[in-house]
Structure formats: structure tokens, C-alpha cells
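Starting from the known structure of chain A, arrange chain B on it as the hints suggest.
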Amino acid sequence: MKFSVTVTLKKDVLDPQGKVVQNTLLNLGMNNLNSVRQGKYFEIEIDSNDEIEAKKKVDDMCKKLLANLIIEDYKVNKI
Amino acid sequence: MNSSVIVFPGSNCDRDIALALEKLQFKNRMVWHKESELPKSDLIVLPGGFSYGDYLRSGAIAGKSLIINEVIKAANKGCLILGICNGFQILTETGLLKGILLRNKNLRFINRDVNIKVINNDSKFSNKYKKNQILKINIAHNEGNFFTNSDHLKELKNENLIAFKYCDSSGNINENSNPNGSLENIAGIFNSKKNILGMMPHPERMIDNQISNIDGVNLFSSLIK
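Protein sequences, first through last, are from chains A and B.
Quick note: the first sequence, position 77, residue 160 per our numbering, numbers continuous.
Quick note: the second sequence, position 131, residue 348 per our numbering, numbers continuous.
Just chain A, same shape as in the assembly:
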């Protein structure tokens, strides 16, 4: 069973890297650009037939290591 995890900075945390990407996109002439936020993406494969159980495991992984909940949010999806 495969899951995707997206880790992004919380809304009110400054994202200087995203800001630089945004400015560069603007320099490239990409108009109507409101904001760019940079994040991290993981694909996690788990040996399991129980989706609920497996998703719980991935959730635990996010809390313990993949995301720092002080500044980051995460989303888990089955893929």
C-alpha cells in the first residue's frame, strides 16, 4: 500500500525559499501570481492490507519525524 505525504510550512510561518521562487517566477513574466509556498513530498510504501491501520502508521511517522509540528502541517493520501 502506497501513501503520499506532503509537508508544508504553516500559513503564518515565513517561507523565504518560497518567496525567492515567487520573485523569480515574477521575473520570468508569470503574472497573476499570488503566492508560492515550498514544501516536501514523500512516497511511503507499507506492507499491509488494512488501509486504516496503515494510514495510522504513516500519520505516526509524520508526527514523530517527517514534520515538525511547530512550523509544519502535513497531509497523507493513499496513492
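Simulated from the structure, these hints should not be mistaken for lab results.
A portion of the hints provided could be inaccurate.
As the list claims (entries may be wrong) - In silico lysine to aspartate or glutamate, EDC-like type, Cα no more than 20 Å apart, as pairs:
#, chain 1, residue 1, chain 2, residue 2
1, B, Lys281, A, Asp95
2, B, Lys322, A, Asp142
3, A, Lys94, B, Asp271
4, A, Lys123, B, Asp385
5, B, Lys281, A, Asp142
6, B, Lys322, A, Asp143
7, A, Lys93, B, Asp368
8, B, Lys315, A, Glu128
9, A, Lys147, B, Asp271
Unchecked claim - To list a few chain B residues with every Cβ distance to chain A over 12 Å, as calculated:
#, residue
10, Met247
11, Cys296
12, Glu310
13, Ile317
14, Asn328
15, Thr365
16, Glu372
Where is the CB? At the ideal position from N, CA and C, for every residue including glycine.
Here is chain B on its own, set in the frame of chain A:
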């Protein structure tokens, strides 16, 4: 005084800190991160560097390493813990210190000597300094921008847990004297029991007048009973 310096793959200030400790007559041991036991220590140091190549987040992987469980146990028993630079980042990732070190505001790696002010000298780490003393200490980091939530910031202020703040050579603490964007110019903090100090500046680089200055010496001499 017995000290242990924890060495991770990618640590690069471990021998500097060992030299500083030995200069002040600490009996120091180097402890590899895969060890599961700590030698008897009055002080444990998490040194600077780029543990695990800063993979995931600075300090995140080291913060879950085998030896860290022992460091957490020792810390909870009151052992003195000093985290410098990457060591500070590791301490926040373990939860021994609250807050986090974000990417520098200007997105650049900063390596230069900066001024810091001793905000609280009533601790085992800073008692040989004078309150408000201005030190010149080297910083060398990419993620030194201290950030925390408003409750923790209140706690830091009300309980006097801010150890050092960035300032200019006259002691002014403002945006111009803030090298990395840290919240309220914070350069180092204690936990609530003040047995743990995390700081971004490198006192171990300031122990010899021939290569820098000796502003870091009193941090180590403060620790000696």
C-alpha cells in the same frame, strides 16, 4: 568534571569543543552516536556541524538517534547539557528545548564574529560572565533564525530563560544587530530548570587569543564546580 561530546556523522566542531573542555581540565570522552550507553558525565555536549548532512531538517535525524535516548534520560535527571549550533538544532528536535531554528532570514550561510549580550548570568553555564556583558563570538550557520510560539516566548521572558541576545558592539539589541532574523534577537536559551543551554554562537572557537579571542572561556569555566 566529566564531560561527553556526542559525535554524529557530519559533526565538525566535536574536536574543537573537546579541545576547549580539555584546556579547562574536563575529563572528556567522545561518544559515537550508535552507542547505547553514556559514560558517567556531569556535562554532555552536542557539537556543531551538519549531522546527517542536515537531511530532512537540521538536527532531525540526530534527534532520533540511539544515543539521544540516553541524553534525554540524563537531561531529565539534571545532567548539564550544552548544544552549540547544530547541537542547539538537535535539542529543539528532541524536544529538550522548545522552539525551532529556521533558515536565516537572508537565506545565506553566515560565518562571522558577532556581538552577543549576556542576558542571564545566573546559571551554571554563564555565572562567570557579568550581566549585560558584551561578547564577540563566531557564528557559522544557515538555520539560526530562532522562532517559537507566543506562550513559550512569554515563558522565556518571565522566567528569565534567555541566555544571550545578538547586539552591536555598544550593546544595542535591534534589527540592525540581528544577523539571522531570530525572534527578539535571541541567540541562546535555557530550559525551565536551566540545566540545558542551546546557543547558535560558537564559544569553543573563542578560547585562544592567538586565533580569535577568549570570550568563550568563561562559559566553560562557569561549569566547573
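Hints versus structure:
As the CA atoms of Lys281/B and Asp95/A are separated by approximately 27 Å, the hinted pair breaks the 20 Å bound. A hinted pair counts as satisfied when its Cα atoms are at most 20 Å apart, and Lys322/B with Asp142/A does not qualify at roughly 31 Å. For the hint linking Lys94/A to Asp271/B, the alpha-carbon distance of about 24 Å lies beyond 20 Å, and the restraint is violated. Of the supplied pair hints, the one linking Lys123/A and Asp385/B is violated, its CA atoms being roughly 37 Å apart against a limit of 20 Å.
Proposed proximity of Lys281/B and Asp142/A is supported: the alpha carbons are some 17 Å apart, at most 20 Å. Annotation: proposed proximity of Lys322/B to Asp143/A is violated, straight-line Cα distance about 31 Å (limit 20 Å). Only pairs whose Cα atoms come within 20 Å are accepted, and Lys93/A paired with Asp368/B is accepted, the gap being roughly 17 Å. Taking the CA atoms of Lys315/B and Glu128/A, the gap is about 32 Å. The hint is violated against a cut of 20 Å.
For the suggested pair Lys147/A and Asp271/B, the alpha carbons sit about 17 Å apart, so the restraint of at most 20 Å is met. At roughly 26 Å from the closest C-beta of chain A, the C-beta of Met247/B stays outside 12 Å, upholding its exclusion from the interface. At roughly 24 Å from the closest C-beta of chain A, the C-beta of Cys296/B stays outside 12 Å, upholding its exclusion from the interface. Against chain A, the non-interface label of Glu310/B is violated: not every CB pair exceeds 12 Å, the least being about 7 Å.
Distance to chain A contradicts Ile317/B as a non-interface residue, since its nearest Cβ pair spans about 5 Å, not more than 12 Å. Look at Asn328/B: its CB is around 18 Å from the nearest CB on chain A, clear of 12 Å, so calling it non-interface holds up. Residue placement check: Thr365/B does not keep its beta carbon more than 12 Å from all beta carbons of chain A (closest about 8 Å). In this structure Glu372/B is separated from chain A by more than 12 Å, as the shortest Cβ-Cβ distance comes to about 14 Å.
In this structure, the hints that do not hold are numbers 1, 2, 3, 4, 6, 8, 12, 13, 15, in rising order.
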